[in-house]
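Listed below are the residues making up each chain.
2 protein chains.
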Amino acid sequence: MPAEIIAVGTEIASGAKLDTNSQWLSLRLGEVGIPVRYHTTVADDFDANVEVFRTALQRAEIVLVTGGLGPTQDDLTRQALAQALGVDLVLDDPSLHAIEEMFASRGRPMSASNRLQAMFPRGSSPLPNPVGTAPGIWCSLLRAGEAPAHLAAMPGVPSEMHRMFREQVEPRLTGHSVIRRAVVNCFGFGEAQTEELLGDLTRRGADPEVGITAHEATISLRIIAQGIRQTDCDAKIEGVRRLLAERLGDTIFGVDDEEPEHVVVRELAQRGATVGVCESATRGNLSERLMRVEGGERVLRGGLVLPADAVFSALLDGVPSPPSALNAATGSALAVQLAQAARRRFHTAYGLGVTSLGEVALGGGRTVACAWVAVADGEHTHAAEARSTGNPAIFAPRTSKIALDLLRRRLLGLRPSLDS
Amino acid sequence: MPAEIIAVGTEIASGAKLDTNSQWLSLRLGEVGIPVRYHTTVADDFDANVEVFRTALQRAEIVLVTGGLGPTQDDLTRQALAQALGVDLVLDDPSLHAIEEMFASRGRPMSASNRLQAMFPRGSSPLPNPVGTAPGIWCSLLRAGEAPAHLAAMPGVPSEMHRMFREQVEPRLTGHSVIRRAVVNCFGFGEAQTEELLGDLTRRGADPEVGITAHEATISLRIIAQGIRQTDCDAKIEGVRRLLAERLGDTIFGVDDEEPEHVVVRELAQRGATVGVCESATRGNLSERLMRVEGGERVLRGGLVLPADAVFSALLDGVPSPPSALNAATGSALAVQLAQAARRRFHTAYGLGVTSLGEVALGGGRTVACAWVAVADGEHTHAAEARSTGNPAIFAPRTSKIALDLLRRRLLGLRPSLDS
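As given, the protein sequences belong to chains W and Y, one line each in that order. The opening position of the first sequence corresponds to residue 1 in this note's numbering, with each subsequent residue numbered one higher. The opening position of the second sequence corresponds to residue 1 in this note's numbering, with each subsequent residue numbered one higher.
Hints listed in this document are in silico derivations from the structure and should not be mistaken for laboratory results. In this text, all values refer to a predicted model and were calculated from it rather than measured experimentally. Warning: the hint list may mix true and false statements.
All copies of an identical chain are treated as equivalent in the list; a pair is satisfied when it fits inside any one copy or across any two copies.
[Claimed, not checked] Mimicking SDA-like on lysine to any residue, the simulated pairs with C-alpha atoms at most 20 Å apart in a straight line are:
no.	residue 1	residue 2
1	LYS17	VAL183
2	LYS236	ASP419
3	LYS236	ARG247
4	LYS236	LEU198
5	LYS17	HIS162
6	LYS236	ASP256
7	LYS17	ASP45
8	LYS236	VAL50
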């Protein structure tokens with residue numbers, strides 16, 4: 001039962017406007033167990049519209065269209081749909097009355113072109129629009145030797161489309177299986193390494209299916225289960241969760257949209273504890289990350305962002321300025337001093353430190369750029385290396401997360417790092 | 001010369017992730033005069049991928065694909081593309097060496113699956129990826145009786161894709177009439193207000209055409225001129241630049257991708273001057289913004305990021321902690337104190353201060369959330385209000401830029417603000 005979602009409009013094809021309707025509809029179809037295989041965006045071009053509708057009605061059983069139902073010359077959905085179905089357009093009197101009513105109730109004149117909005121491909125059904133002038137269209141196409149295809153054309157205005165989908169389209173699509181999903185997030189392994197650890201769990205077509213995505217070094221595992229009953233789906237998801245926990249252990253830190261800073265802020269808040277930050281190579285990313293989380297301002301008592309060549313002594317209660325070239329030995333030691341200075345300066349229970357960039361030897365005369373991060377509390381300190389992966393856009397968020405993960409592990413009583 | 005843009009990935013088809021790559025590519029193609037007729041998103045399904053590539057290579061002359069080039073099992077773009085072209089995959093030794101090098105330089109083990117990333121459809125060309133492991137693919141398909149179709153497959157990671165497109169794909173797409181573009185950036189007016197000031201300059205189909213886009217309160221005016229000779233285009237662009245300068249005056253601060261922080265860092269560096277930051281409502285955004293610009297570490301001597309309820313006195317050499325509710329009078333005064341404290345604490349020529357949130361009365365009993373920003377040097381101080389526009393995602397960057405604009409105006413000897 002694959003579905004296709006079509007967005008009509010030159011403003012989207014040209015990039016002038018971002019299409020968010022297709023994502024919204026995909027999520028809604030997913031919730032009722034209908035997998036979406038294609039999105040298509042097509043410019044306001046009659047032939048291209050006809051071709052896109054024909055293709056969709058061949059390759060998908062459910063086709064949802066948004067846009068192109070307005071009264072202007074470049075709104076071509078109803079004409080193109082009639083052509084794709086090989087039928088003519090006929091006037092629907094109740095729809096015409098509804099449109100006339102809407103204009104009358106708003107005290108606005110109705111233009112002749114609005115009359116076209118009451119025309120429908122022969123054999124289709126109008127989908128009334130209680131909040132706008134453009135009614136939608138529902139039609140079904142019988143296909144030799146295959147299940148029929150169903151198509152709903154809805155307005156492109158999100159508020160009108162959402163209501164029409166919820167009230168009139170979704171009820172026509174139900175009766176299929178239930179789908180449930182869950183997201184588990186981990187930090188520490190790379191994407192390929194995670195896939196190796198998960199093995200057959202990520203096999204395509206598995207039920208539940210597990211997909212891997214990465215965002216700024218956070219790895220998300222998306223579990224999707226289908227079944228007749230919700231409880232069956234939930235049980236399957238629970239089973240996968242247990243397997244993930246076995247294979248990924250304490251690298252798993254959260255669910256849904258959580259990032260390491262959410263966990264750290266929550267765990268600190270629960271203990272009534274606070275943290276201070278002193279950072280260089282992350283350029284403020286670590287402080288900003290903690291400060292913008294809900295509740296972050298209550299636990300992060302201050303962040304000090306320093307350039308690589310800062311003169312530390314006066315700012316940091318006597319921490320000597322770092323040697324000009326940091327290496328594995330001096331880097332870790334400095335990160336610990338910065339974490340301790342952050343604690344002192346902001347009078348907090350925990351301190352996080354991030355040094356400026358240095359480098360470590362890889363053997364064979366090669367080196368890699370590296371910063372060092374550390375966590376300190378009244379009793380312990382732990383430091384870790386954050387090596388450059390070559391992508392500068394990822395370096396700051398990834399290094400910040402390595403520091404946050406040290407603190408998460410300290411708060412939860414886990415081993416300090418993956419390697420220990 | 002219609003183009004089609006294809007986004008590959010179940011995470012997009014299912015709605016789990018919003019596709020922004022297709023919009024970005026549409027805008028870039030529009031700038032070089034190539035109209036985009038279709039966007040297609042396809043799930044990670046081999047047969048569906050093959051079909052989508054075949055269809056696109058029939059109906060479009062330029063096909064841009066993002067995603068599906070990674071090393072995991074659900075990355076199918078290279079295999080599906082080979083199938084659609086009717087050829088096999090062959091190993092490209094330089095690409096394999098580049099991938100091996102990248103892993104070696106990061107000191108990380110390379111999985112067997114990464115080797116697949118060095119395989120290419122026979123007859124295609126690799127597009128090297130200087131910032132990630134996945135090289136892209138460029139291929140052309142001869143079509144009987146029609147112009148050949150060209151296809152570029154690029155990584156789905158936006159930063160990698162942007163660079164690959166700019167450096168390797170865009171140059172291959174030119175060869176049409178000469179197109180020259182220029183971007184002029186301004187700060188201070190809203191998007192609608194800018195459009196009013198520009199009047200007929202933004203009319204569609206004008207030559208040169210001027211498009212307005214807004215990104216975190218920076219307004220960019222994109223000038224596109226077409227012509228037979230480059231010198232004609234350049235002359236047209238120069239004419240528009242002069243008109244923009246007349247109508248937008250000193251709100252114009254830069255060109256291309258410049259943001260206010262680029263100008264501030266450059267102007268400070270030219271004077272051998274430095275700046276310190278003390279910020280609250282911007283949550284580290286102001287420090288991060290200055291620190292991550294090329295050369296920023298040499299002029300920003302330190303940033304202090306404080307929560308709304310910080311106890312200022314000890315941290316800021318005696319600045320009293322703010323009253324619990326800031327208003328127009330106390331807000332401006334505090335911003336000035338913070339800017340002065342930043343100067344003292346970091347021993348800099350200039351200081352920037354951003355308060356926590358307060359509110360100002362609008363009349364009729366209504367209020368709006370507001371932060372105050374200020375710049376200080378040894379002689380002068382200037383403060384400004386940064387009102388919430390209702391969009392929390394814009395508040396921190398916009399407020400940071402209001403502060404940076406105060407400093408830019410001070411450095412360049414301009415009036416302190418638009419209103420003065």
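Intra/inter-copy verdict for LYS236 and ASP256 if alpha-carbon distance must be at most 20 Å: within (17 Å within a copy, 51 Å between copies)
Alpha-carbon proximity between LYS17 and ASP45, which holds within one copy, between copies, both or neither at 20 Å: Cα proximity of LYS17 and ASP45: one copy only (17 Å, versus 28 Å across).
Homomeric proximity label, LYS236 with ASP419: Cα distance no greater than 20 Å: Neither: 32 Å inside a copy, 61 Å across copies.
Alpha-carbon proximity context of LYS236 and LEU198, limit 20 Å: within (16 Å within a copy, 59 Å between copies)
Up to 20 Å CA-CA - VAL183 versus LYS17, copy category: Result: close only across copies, 13 Å inter versus 29 Å intra.
Alpha-carbon proximity between LYS17 and HIS162, which holds within one copy, between copies, both or neither at 20 Å: Both. Shortest intra-copy (18 Å) and inter-copy (19 Å) distances satisfy the 20 Å Cα cut-off.
Within, between, both or neither, where LYS236 and ARG247 count as close if Cα-Cα is 20 Å or less: Cα proximity of LYS236 and ARG247: one copy only (17 Å, versus 63 Å across).
Copy assignment of LYS236 with VAL50, given that the CA separation must stay at most 20 Å: Answer is neither; intra-copy 42 Å and inter-copy 32 Å both fail.
Checked against the numbered hints above, the structure violates hints 2 and 8; every other hint is satisfied.
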